[in-house]
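Asker: Working from the sequences, and respecting the hints, build out all of it.
Protein chains: 2
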Amino acid sequence: MSEQKTETILLAHGSGGRLTSGLIDRLLLPRFNNPRLAPLADAAVVDLKEASWAFTTDAYVIKPLFFPGGDIGKLAVCGTINDLAVMGAAPMYLSCGLIMEEGLTMDTLERVVCSMGQTARLAGVEVVTGDTKVVGRGEADGLFIHMSGLGMVKEGISLGQEKIRVGDKVLINGTIGDHGIAVLSAREKLHFETAIQSDAAPLHSLIAGMLEVSDQIKIMRDPTRGGLATTLNELVRGMNFGLTLEEEALPVSKEILTLCRLIGFDPLYVANEGKVVVIAAREDADLLLKTMRSHPQGRESRIIGEVTSGPAGRVLLHTATGGKRLVDTLAADQLPRIC
Amino acid sequence: MSEQKTETILLAHGSGGRLTSGLIDRLLLPRFNNPRLAPLADAAVVDLKEASWAFTTDAYVIKPLFFPGGDIGKLAVCGTINDLAVMGAAPMYLSCGLIMEEGLTMDTLERVVCSMGQTARLAGVEVVTGDTKVVGRGEADGLFIHMSGLGMVKEGISLGQEKIRVGDKVLINGTIGDHGIAVLSAREKLHFETAIQSDAAPLHSLIAGMLEVSDQIKIMRDPTRGGLATTLNELVRGMNFGLTLEEEALPVSKEILTLCRLIGFDPLYVANEGKVVVIAAREDADLLLKTMRSHPQGRESRIIGEVTSGPAGRVLLHTATGGKRLVDTLAADQLPRIC
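These protein sequences, in sequence, are chains V and S.
For reference, each letter of the first sequence is one residue, going 615 to 953 in my numbering.
For reference, each letter of the second sequence is one residue, going 615 to 953 in my numbering.
Mixed in with the good hints there might be a few duds.
Identical copies go unnamed one by one, so any copy, or any two together, can satisfy a pair.
Cut-off 25 Å, straight-line C-alpha distance, at most; resulting in silico cross-link-like pairs (DMTMM-like, lysine to aspartate or glutamate) [stated by the list, open to error]: (1) Lys777 / Asp639; (2) Lys777 / Asp661; (3) Lys768 / Asp898; (4) Lys868 / Glu914; (5) Lys663 / Glu769; (6) Lys677 / Asp721; (7) Lys663 / Glu740; (8) Lys677 / Asp755; (9) Lys777 / Glu862; (10) Lys663 / Glu914; (11) Lys777 / Asp829; (12) Lys938 / Glu621; (13) Lys868 / Glu716.
If you are wondering where the hints come from, they were derived from the structure by calculation, not from laboratory data.
Answerer: The structure is reproduced here in structure tokens:
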């Protein structure tokens, strides 16, 4: 009986020895090729100009590794880029660490690494340093990625909660809930009639355009885990102002809305991976909206609410039916392992 | 019946919601407290002077989490610091990401985080950004830490394989094999008569002192996973020179030597976490040795070998009995999950 042998990750791939270097030379280096990574030293040396730099890190444990619209590799690069971009930084250098479970197929790893390389290349960022570790079967779930990033904050850019004023507008660059529901559909092998795709995308070009036209952006965040509701609550927590959202203005696709009702989720709490929420001075809101809509990542941008004097520290929703309800932070997530 | 309830990590601690912020506010912030971390934004903003910066990342998956001489938290901080230090950089900023398995006890997490905070403080580095993720029971093994680091490379410091010349000396700052054997003893619950401790320690102060007295250091590496043999092989691989070690000069404690013989390990392949191997010009070797020995992390420093014209790309050992043997890279590690 002949059988095709599937190449998998062995514990020895994490030994630091011959198999480790083989993995790095054959699989990783070609995808991330750049002069700073090539020496494979203990750290990459990068030349940083005199400036403020944003430094971020995230672990990616999403389940499953592949989902409509992306995979853990694309997600890691986009997530890291976006964490830098919302700080007003131009993303430049990434690090990539892999924790692999023994038995992970080489094919899966290769697809993820290709996706990471391609996403980074398209976004104009470089993976300059990395690490690989292997743990035994049952000691991890396939593949975890951790990625850190460095981005330069342009002179004159200064963002922060303390800049927020009553009357400021809240904007978002498109529909909410797509990532979470796409991952859920892949995880539970749900077959929806309509194809729901994760919104995973790098937002640094959209955000750079916005920072170019307005110096009245107060703060930006990417509403990932916990969704828009959690992100907005973080922005008002402990502050002497509140925030009101207009339900009718919230961009949610019909498919997401229907599915959320079906499974009992609130799209306000569902994760996004290609969205930025912006608080900006009222007078610049329309200009920013126009700028955002002219960008491929912002076609469906909307003004969704504003900063209010009260209730301080809370997020209120003006419902479509004319009521008001408090949008609180959830104690637990609706969907674990969403990013 | 009364029962003491042990607080453990729940999936909800990874939700990004209320439990996540509780964990960060109560457990993490107090340990890493500094003005760059405090805003808890998506990235830390750090001011980097015009200079070359070293940027490194590592995943820590060591098993067990606690071992004689350290724990995964201390290991992560020391390992990251050392990866920067061997690049000739002064470590400054760290990021910390945690992947926690549901059910990890809060007490364990707290001990690890305290240890990280203390090691960082003593070493004069700051944890400025971080991330927490939780995966289900059986989807990880207790706790994995990933840490990235940034360190400034002083003007005029230039290290690299291409600077190595035949006749250069190889130095190390003390005994080899301690970390690996200490972890093995904890993992297998071996009870040795003598207390073997991991050598986990930050080496940036030792290395800074060496760089101060000599501009003839060609390259430095920390011989962690795969041990001294693997590190030295990486340094000569593909080069037109070789390297010869003197077995009699190799610092190995009597306890490690005995135990290694007993279990069939070669200390040359056992991981270290507080050692640096240095290649330096012959004329500066004695000065460097003296400088290293005057530092607490270098009391047992030795000159252990030299760079030779051949066999090119290989590491040779002059044995104590007058023979020669090739010190190759192992295909697989003797001890998985050692760091």
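Asker: Tell me, in ascending order, the numbers of any earlier hints that this structure violates.
Answerer: 9, 10, 12, 13
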